[in-house]
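Asks: Please model the complete structure; the sequences and the hints are all you need to start from.
Numbering-wise (the working numbering), the sequence shown opens with residue -12 and increments by one.
Derived by calculation from the structure, the hints in this document are not laboratory data.
Any given hint could be a false lead.
As the list claims (entries may be wrong) - Across the chosen pairs, the derived CB separations fall in these ranges:
#, residue 1, residue 2, range
1, Arg298, Leu341, 21 to 31 angstroms
2, Gln383, Ala346, 55 to 65 angstroms
3, Leu380, Gly515, 39 to 49 angstroms
4, Leu341, Leu6, 30 to 40 angstroms
Said to hold, decoys possible - Okay, derived cross-link-like pairs now, BS3-like style, lysine-lysine, Cα gap no bigger than 30 angstroms in a straight line:
#, residue 1, residue 2
5, Lys222, Lys237
6, Lys340, Lys355
7, Lys484, Lys374
8, Lys118, Lys139
9, Lys484, Lys408
10, Lys484, Lys355
11, Lys408, Lys374
12, Lys408, Lys355
13, Lys355, Lys374
14, Lys222, Lys118
The model shown is predicted, which means the values in this text are computed figures rather than measured ones.
Where a beta carbon is used, it is the ideal one built from N, C-alpha and C, also for glycine.
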Amino acid sequence: MRLQTRISLLMCLGLITVLGFFTYLSVRVVEDTTNRIVYERLVVTEMAQTHVDTFLQQALFELSRAIGFATFDPEHSDLAEERHLMAHAYGQLGSFTQGLMLLDRQGVVVAAHPADVAVIGRDLSLQPFIKEALETGRSNVSNAFLNSTTNKPTVAVTLPVRSESGAIVSLLSGLIDLTSPQFANSLSHVARLGRTGHADIVDENGNIVVSSDLDPVLHPSEHPEFYTRMLQERKPAVETTPYVEGGKFKENHVMAFVPLHSARWGIGLGGSEAETFAPVRRLQIEASVFGLLALIAAFLLVWFTIRRVARPIEELIVASERMASGDLSVPISARGGDEVGRLAATFDRMRLKLHAAQAAQEELARAKEQFLSNVSHELRSPLGHVKGYVTTLLRQDAQWDERTRQRFLREVLAGTEQLQKMVDELLDMSRLEAGRFQVETEPVNIGQVTRAAVRWVRSETSNHRLVVSIPRDLPLALADPHRTEQVLRNLLENAVKYSPDGGCIAITGTVERGLVVICVADDGVGIGEGQLERIFERFHRVDNGLRRRTGGVGLGLSICRGIVEAQGGRIWAESVLGEGSRFYFSLPLFENGQRGFCSLRRELRQAVASGSRRGRTSLDDGEKAGKSS
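Replies: Quick look at the structure:
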């Protein structure tokens, strides 16, 4: 099958897949839009609920503030102060209330403001809100009722008044006029939901307390079954309610409901289903039309796209075959910014990366070859040295005095120590690469470790001046003392190698940002800027005039980096060619809180070592007993 035919089939399959995916996205967008509309309706209802709750809580607050300034005890002969406070509270509540009335603990009205809001001496103990306040001792907000005195729909906010002993002495009740503009219009700002939008506040009996349509209050709502169930469940919800006979609009409504916290009421807000989901239906129609037009346009462009795509793909096939054969030198041209062009650009980036990886592999192979050559040379020299002195000592035709024998043996020892150092470096490098390198950290006096390393270096050379500037009050570091000394020895040894005879090597220690920082500075040949970034790589050796004279296999600084990083520190270098180098490494400070942990770990190591010695002693004793038997 030709490439163009395959591309045609694949493009058709791709178009079908894309259209299917587009259809899926359209469905998801429609669902998300629907959910957003429902959520917005619920949020608006919750805003109205917060507004009404705040109003009722403010009324309770004004009543509670009033009883804080007087006893409101009906048994007192003079209630002038109480009447003054009631008048003040009425003024604070303003036109939201019909007035306030004070009842004794039997539910009888003893005072009222204004005077015509209630009949003095009237027994209201059978009123549900009065009865509830007397029985429970808690404040409440009543259902809507018709005040027989004022003949107005009313809601009562009632607060028990207690004596110092906690007993109820009276009830203070504020009467809110449901027909007052301020309360009746409390839903007007949330009912702007289109032609069919409306909002209701209903009490626990399902009667309308306030309606955005200014319907008569104290009448059943348009959605009685919905409100009855929602008032029983008392949780926010959004549902589609069926058409109710006698309703204003002969269609289903989408209603949101949120219960009040201050009263056993609820707020319902909604509109017709058709008007609510009109944006969703419009979106569905637009998505369908757009999908059809996109399908027609896509099939018209298939032929042109096939001709444009086939040739570049064939060129890519040739280029990929050339890359597979190992030829990475020829660039791959990327024409245009379409998918094929981006694919060609991706192939070319891959070619460049493979070319760079190939060059890096060749460089690594050369470094390994150089490393093996260096190792062979470094091993051959001490081995030949040792072999020469041992062969000389073993000659039968010569007699050596004790002084000469000791000198020969010291030379042999120096050669074996050089071999041991090289083997140790190889083992350390192997452990670092395998992730098995371990350090035993403990509180370390950097000054002591530095002086020990300096003594070792001075024993190896006397042609350099070593200056140690470690403050006596330098804090302890949390490090492995032996490995830290190994790092210092390596840095000092390099400083000696790459600085002239008589040169000065300075070792300093400071504390910077919670770390102990040690610096080894020399006035040697320095390191070029191009090589400074690679000196801590394995097998890398600085290319300068001293390279062959100084020897080495290029592992020292790489091992130093592994040791420092294993202790939680960092190592870096600064250098100017011809002026010398500065090598820094940092170690974490030892904190007091780590003292107990380090002591415990030291005791465990000692216990393990002691147990090992006892085990060896027992084994030796057993062997001796076996031999004696």
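Asks: Straight-line Cα separation of Lys484 and Lys374 no greater than 30 angstroms?
Replies: Roughly 26 angstroms separates the two Cα atoms, so the pair holds.
Asks: Please verify whether Lys222 and Lys118 have alpha carbons no more than 30 angstroms apart.
Replies: Holds: Lys222 and Lys118 sit about 27 angstroms apart, inside 30 angstroms.
Asks: Does the Cβ distance between Leu341 and Leu6 fall inside 30 to 40 angstroms?
Replies: holds, 38 angstroms
Asks: Would you mind confirming whether the straight-line C-alpha gap from Lys484 to Lys355 stays at or under 30 angstroms?
Replies: Distance of about 23 angstroms is within 30 angstroms: holds.
Asks: Could you grab the alpha-carbon distance between Lys340 and Lys355 and see if it respects the 30 angstroms cut-off?
Replies: holds, 22 angstroms
Asks: Between the alpha carbons of Lys355 and Lys374, is the straight-line distance 30 angstroms or under?
Replies: holds, 27 angstroms
Asks: Hey, Lys118 versus Lys139, does the alpha-carbon distance stay inside 30 angstroms?
Replies: Status holds; Cα separation ~21 angstroms.
Asks: Has the given pair, Lys222 with Lys237, been kept, meaning a C-alpha gap of at most 30 angstroms?
Replies: Holds, at roughly 27 angstroms.
Asks: If you draw a straight line from the CA of Lys408 to the CA of Lys374, is it 30 angstroms or shorter?
Replies: holds, 18 angstroms
Asks: Take a look at whether the Cβ-Cβ distance between Gln383 and Ala346 falls inside 55 to 65 angstroms.
Replies: Since the Cβ atoms of Gln383 and Ala346 sit about 58 angstroms apart, the hinted range of 55 to 65 angstroms holds.
Asks: Using the Cβ atoms, figure out if Leu380 sits within 39 to 49 angstroms of Gly515.
Replies: holds, 46 angstroms
Asks: Straight-line Cα separation of Lys484 and Lys408 no greater than 30 angstroms?
Replies: Satisfied, since the Cα-Cα distance of roughly 16 angstroms is no more than 30 angstroms.
Violation of the numbered hints given earlier is absent; every hint is satisfied by the structure.
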